[in-house]
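Asker: Here's the letter readout for the chains.
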Amino acid sequence: MTRKISTARVTRRHVLVLTGAAAAVAGTGFLPSIAAADKAALDAAIKKTIGDANVQSGRITLDLPQIAENGNTVPIGVEVDSPMTANDYVKSVHIFAEGNPNPQVASLHFTPASGAAKASTRMRLLKTQNVVAVAEMSDGSVYRETVEVKVTIGGCGG
Amino acid sequence: MASAKPRIKVPKSAVKGEVVEIKTLISHKMETGLRKDKDGQVIPRQIINKFTCTFNDKVVFSADWHPAISANPYMAFHIRATESGKLEFTWHDDNGETYSKSANLAVS
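From first to last, the protein sequence lines stand for chains A and B.
Numbering of the first sequence is given in the working numbering, commencing with residue 1 and proceeding in unit increments.
Numbering of the second sequence is given in the working numbering, commencing with residue 1001 and proceeding in unit increments.
Keep in mind the hints are simulated off the structure, nothing from the lab.
Model, not experiment: these values are computed from the prediction.
From the three backbone atoms N, C-alpha and C, an ideal C-beta is built for every residue, glycine too.
Treat the hints loosely; a few may be bogus.
Part of the chain B face toward chain A, derived, beta carbon under 10 Å [said to hold, decoys possible]:
(1) V1019
(2) L1034
(3) K1038
(4) Q1041
(5) W1065
(6) A1068
(7) G1096
(8) Y1099
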């Protein structure tokens, strides 16, 4: 009788240990692969938009909340430092969200008549993720800026 | 969606050379194509995919939108006031419809 109980205990403990280990393995294996897929999709989307241009950092200011309570409407403001003259202006700013089903958010096209490469809109974010802005200048140079936004309730429906 | 109602905010007048902010908003559900109805059927995508602003028939600002743009899309941007003229705003729906609105800007 005593023996039987102890066997049962051992078995249960074994089971617990095993499931725990399995969960740990699944956890570590699962998360990075999802993140990598997001990043790959983001890189593919950026490459599709700007080609193989050499991407530099700076010049872009992204105005985003640190924490977005509602992922359905996240305000985003973007400003690119540029004189906006006929010879030197910002052609386009592309916005991407790394963790959305489709990383593309919007492409904003400016002209010298814009006066300032500054715009704002509202977007959907599925979950906590990086938001990336890529700016194409009239001289062909490309700049990039990334900001992480924590999302409390995700948007995109589902 | 005939109910799409565009709204714009443009200053009535500006000093020559001044950079003015333009704000636009249009009522539209911006259906992503990812949601399902209560029977499990995917609700087809219907968004406004392009927005343009012209000043005296010249494009000054445009934007390509993807499903990640929120419902009732808001867009604020700037233009440099060089001369008096007419601003025209156009929104292009996935279903081929366009919605438009215009405003006059007096530059002194």
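Asker: List in ascending order the numbers of the hints, as given earlier, that are violated by the structure.
Answerer: 3, 4, 7 and 8
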